[in-house]
Amino acid sequence: MSELMDQSGLSADRKRGVFSAWGVTVAAIAVVFADFLVMGALGIVMRMNQGQWLKLDPDRFYSFMTMHGLLMTGGLFTAALYAAWYVLVRRGGIASNFRGMGISLIAVMIGVGGIVVGTAVGGYAPGWYMLYPLPFLHPTWPSWSMGLVTMSLLVIGLAWSAVMLVILRGLGRRYGYANLLGWQYFARGGARTPVSPVVIIATICVIDGLVAMASGAAFLIQYLIEWIHPAMHYNALLEKNMIMLFGHTFANLTLYFMLGVIYELMPRFTGRPWKTNKVVVVAWNATMVFVLLAYFHHLYMDFAQSETLQYLGEIFSYTSAIPATVVTVFGVIAQIYRIGAKRWKVVPATFALGTLGWVIGGFAAIIDATITNNVVLHNTLWVPAHFHTYYLEGVFLWLLGFAFYLVGSRAERMGKAALALMVVAGYGFLSMFYLGGELSVPRRYSDYINMGFPTHALAAHGAATAEAGAILGGLFMVGFLLFLVSLGFIRRNRFVEFEAPEDDSHSLMGAVS
Amino acid sequence: MSIELKAGLATAIGAGTMLLIALFLWYSSRRKSPAPEDDHKRIYELRVIYFFILTVGLTATLGATLQRLPYPNYRGGHVPAVVVKVTGSDWLWKFDSKSVPGKDKVTYNRLDLPSGRLVEFRVTSTDVNHGFGIYDSHGVLLGQTQAMPGYVNNLYFRFPKPGVYRIECLEYCGVGHQLMHADVTVTEPSGSVASTARAGNASRGVGK
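First to last, the sequence lines map onto chains A and B.
Position 53 of the first sequence, counting from 1, maps to 53 under this note's numbering, and the rest follow consecutively.
Position 18 of the second sequence, counting from 1, maps to 18 under this note's numbering, and the rest follow consecutively.
Don't read these hints as lab results, they were simulated from the structure.
It is possible that part of the hints are untrue.
[What the hints assert, rightly or not] Pairs of lysine-lysine, BS3-like flavour, derived with a Cα cap of 30 angstroms:
1) A:K278 - A:K15
2) A:K275 - B:K6
3) A:K275 - B:K41
4) B:K41 - A:K278
5) B:K32 - A:K416
6) A:K342 - B:K32
7) A:K342 - B:K41
[What the hints assert, rightly or not] Computed Cβ-Cβ distance ranges for the label pairs, DEER-style:
8) B:I49 - A:F363: 13 to 21 angstroms
9) A:G340 - B:A12: 29 to 37 angstroms
10) A:V478 - B:P72: 45 to 53 angstroms
All residues carry an ideal CB built from backbone N, CA and C; glycine is no exception.
Start from the sequences, fold in the hints, and give me the full structure.
Next comes the structure, spelled out in structure tokens:
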């Protein structure tokens, strides 16, 4: 702290603000890493069960599956949200709000506690998406567990919405609401307010995020009403649309919040600018619309859904690939192409590799978002294959890089070794899902032993890929533990970074070390 | 092409791509650009080319794939030879083949059908969402639709050749999900269409 205060350049208030933001962000990341360790272990246990190395009761397996799905996605979203908030505070885009962010984090943790009790103790097991009306019909779980998990999710959603509103309000006050989407870059003449890419991306995430939260809250509140008044019933197709609008958007925004962080931090390590321009503005504004309309691809196999919506699902899934790869991927390539050994550090490496994971997961998603392919891929292991790719080798690697930057680790070699292990083992782990999907193995099966003739080949494929997946998943976790150790070697002058100059026309330049 | 060969080929392509990317990263981390601005210019020139190729490629793929959809309107005016009402319930499949001439049978987890004929499955559910996935005897998924309460999804399907096919549930429906399957025995059509229940096999699942 004292070395922080000794540095000149920023006001004492500002430095205190950044430091408090740093503290609450470190806490959020630590909580999410602990969550990842436990949920990752659960994931491996599930793969072991599918590979017949363990013998879990199906109700136990499915409650693990529900917990794993909810708390992995929820944890990664929380981390992405706090990371984006931190870089915005750091660049002076918004004021620090230690108390608000701290309370939100505690609210999220209370919600997580509710989910753990509801699933692990109560045995609540309808999957993360709790597709209507499964939570209410033939349940093997007590009614209270359904109510508890639903209320816990509402608490978490409220906390996330509060954080997003804090971000939006802060940005609006700092840059003017009219400038947040970057439309001023198309204005003729006159002075325009420059905004960095992270500001535009965060704004888009908040707008879509609030839409997603509204959709999520709507179906959760409906669930609560039926929980209290069991005579109440809803339309299953409408509920599924609401759930998928929430889930699809939410998963994508986890990626986008982190991409904002990448746009902001990457230039500090490569020394190359990454500016806002018209192409960036158009690409991200298009993404804001596309991501909300692509979710229809989750309902291709609901033949009762309007065919127009099925068309839209495929068209918007495809078009969403254009701004994503043309702008961001080429941006990352321009950042790292021939940067040389000196600048090839853990942080830019995780950012580049994470972008690769995002692209590969996205490509697999496009394959599945093609209706003719979806006929033979929907609800096979291809689906967990693609989202584990963009989560595990995408969002998670980005987060590791962010954590390395945040604590100011100097353990470059150890970090790189851990990263290499996580990439090799991680893609091995993922390829078992892809292979399973290619071999038509269904997802969300507690085990494959009861499939029997004539699908014995399917059962064998399911078990074999699960066994290999469990081993490779375990190796990934070893890599993660090693990375956690590398985070312990902190640079002495880690807070000197707080003194870096700020310039809103583009992301900051100049390496930190 | 066998499924193992296909999977092997896909793995090889995936591994090859990863190798190329690894080489790019290795090269980038070893070589320092003498003039990053020139590199940027070249990268952004490439980006324009990529943009056009991607847009044309995606549009062409959309054009090609959106003409062969699994929905009822795309069956090309063919009239189904057999209509089977399929009802999913936790955790069994009920088949009602009343519309088959001369037959008036309801079967559970068992169904007999002719090969090569267009079959219309009218799929629904009495409780939660299920998935009606048709697998062949090698465990390859051939087609599917959802079984949703309150809705009927019409799936048109032609069993390519005689044999035993398998229905697996493809939407998570509770703790018996992995046990919810049915056998479809497909035989050469011989005059009248067979769709008979097999006594004693009415409850292979964990039906209740």
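Hints, verified against the model:
no. : hint                               : in the structure
1   : A:K278 - A:K15                     : violated, 33 angstroms
2   : A:K275 - B:K6                      : violated, 43 angstroms
3   : A:K275 - B:K41                     : holds, 14 angstroms
4   : B:K41 - A:K278                     : holds, 17 angstroms
5   : B:K32 - A:K416                     : holds, 19 angstroms
6   : A:K342 - B:K32                     : holds, 9 angstroms
7   : A:K342 - B:K41                     : holds, 23 angstroms
8   : B:I49 - A:F363: 13 to 21 angstroms : holds, 19 angstroms
9   : A:G340 - B:A12: 29 to 37 angstroms : holds, 32 angstroms
10  : A:V478 - B:P72: 45 to 53 angstroms : holds, 51 angstroms
When the structure is compared with the earlier hints, violations turn up for hints 1, 2 and for no others.
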